[in-house]
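Participant: Chain A is already provided as a structure; the job is to place chain B on it using the hints.
The listed protein sequences derive, respectively, from chains A and B. Quick note: the first sequence, position 85, residue 85 per this note's numbering, numbers continuous. Quick note: the second sequence, position 215, residue 215 per this note's numbering, numbers continuous.
Mixed in with the good hints, there may be bad ones.
As the list claims (entries may be wrong) - Here are some chain A residues pointing at chain B (derived, C-beta under 10 Å):
| id | residue |
| --- | --- |
| 1 | A27 |
| 2 | A29 |
| 3 | E115 |
| 4 | R116 |
| 5 | P134 |
| 6 | D136 |
Read the hints as simulated data drawn from the structure, not as lab findings. By construction, the Cβ of each residue, glycine as well, lies at the ideal position given by its N, Cα and C atoms.
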Amino acid sequence: MARGRRFAAWLSLGPGDLRLVAVLLLAAALAGLGPAAGRLLAGGPVSGPAVVQAFVVEAGGGTALRLDPHKDGLYSVAGPLGETLVEVRDGRARIASSPCPAPGWHGGWVDHPGERSVCLPNRVVLRAEGGGAPLDGETH
Amino acid sequence: MARLARRQAQNLRPSSPSRLAIAAALALAGAAALLAWQSGLWSRAVLAYEDRFLTASDTAYVMGTYLEITATGHGAAAAVERAIARFRELDVLFNPADPASDMARLAANPGRAVPVSPDTIAVLERADAAYRLSGGVFDLTVGPLVSLWGFGPQDIAALGTPADQRRTSPPSQSEIDAARRLVDWSAVTWDKTAGTATLARPGMTLATGGIAKGYALDEAARILREAGVRRAVIDAGGSLYLLGSKAGGEPWRIGLRHPRQDGYLGTLAVPADESVSTSGDYERYFESGGVRYHHILDPATGWPARGTIAVSVVAPDAAEADALSTALFVLGPEKGLALASSLPGVEALFVDDTGRITMTPGMEEMFVPTGNTAGGADGGNAAGDAGGQTGG
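The shape of chain A in the complex, shown without the other chains (with noise of 0.2 Å):
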């Protein structure tokens, strides 16, 4: 403390001159709230492997159901030409049966955050979430 105060002794600050160094560093502090307050809203980070969290699957124009990659099953959703059946297995997802006439959706194992199969006739989506890297689209 008193070599705090030989020090601005030593500089021959007044305390007009201690306010004007407290608020440029005020300033910069609150600088520092930006990439807290963008961490907290970004709601974690976004770099590192690419994890599925869930498998999302749409019927009908909503979430018919969001199911868990580390549950192997076969579950049921209904559209407008009838049931489809969305398999998971090994962290994997994919229609397995569906009223869809083939090639009219994309067959195949879903496993990639952001990759997604669709079933067009029977208005089925079923779909990859989760973090990592996810892509932004997929182009076929």
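Facilitator: Coordinates of chain B only, in the frame set by chain A:
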């Protein structure tokens, strides 16, 4: 601080200007440096806020495909709905299966000047440009051939019923020849001022599948932009428009589906404001006698184009990307690569029927192969074993 001030006052020492200047300068410099470093992080905070609170998303079944739009910016939700509505509007105009559409009315009135919407005139103009650019390979008048092969647009409800148009075997050569006689772009005329168009001969129909989605993507992007949307992904069944930059200025990461197996051939790192369009033989086809007959027909022969299994195009204009992906597919990797390389702003990737991947130099910068696909210094990559699994 107050105690210090009192002691200062007691000492009755005036502030030394030079030392004060040093202190203030140091403090300012420190604060400025800190702010400059933090401002990059600040802008990321703003972007994170926008992503969380100003992002809207919606989907629709339209133009025979699954449309998904995700947009960020003030007014994004309303803009997304207007963009979807525009897709529906254009679907009505361009769908030959709908008797009220411009396309159906043109086909129903051969030889007559039919009043059509400005959008139809615009599509005809774009199609004309693509026809000339591709040496006649992109030709909207392939409608009769497309219908003959069973790949014409039809009601989803008709699938599996007696009204189902899909084939299980190829048409005869004489049927193909008869349909080919109706393929004639010079027989299509239009008058922009009068707002009319004409198909000269009876039986002619226009197949808009190779350009309608691209045109609609451009329109949707225009609507979003005008509404102040800063970034968006418009996905019309695998044909994309990427508006603006991703949060953080990074390129958009787009998966390129493998044409023969699950998973991706690779990813594309696409810059801002580009469209991505892919034509492949795996989307609509039937197999007969062990041969795959797919929907991308060569107007010159009337048969499905051979030699290529997939083409992806990146271009700033979605209608151009859409038309080019079809044209380049038919042209094949050699002629197609030459044409793509000659077009400014256009990048293309080809997968030929042996699985070999070739691409324009600009596409090399964007394409990152998946897992165990081998890179090639000479511009050619092996696509990996047909029986192998892609990594991940």
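Participant: Hint by hint, note whether the structure agrees.
Facilitator: We went through each hint and held it up to the structure:
1. A27: Status holds, d = 6 Å.
2. A29: holds, 9 Å
3. E115: At about 7 Å, which falls below the 10 Å cut-off, the nearest Cβ of chain B leaves the hint on A/E115 intact, so it holds.
4. R116: holds, 9 Å
5. P134: holds, 8 Å
6. D136: Interface hint status for A/D136: holds (5 Å vs cutoff 10 Å).
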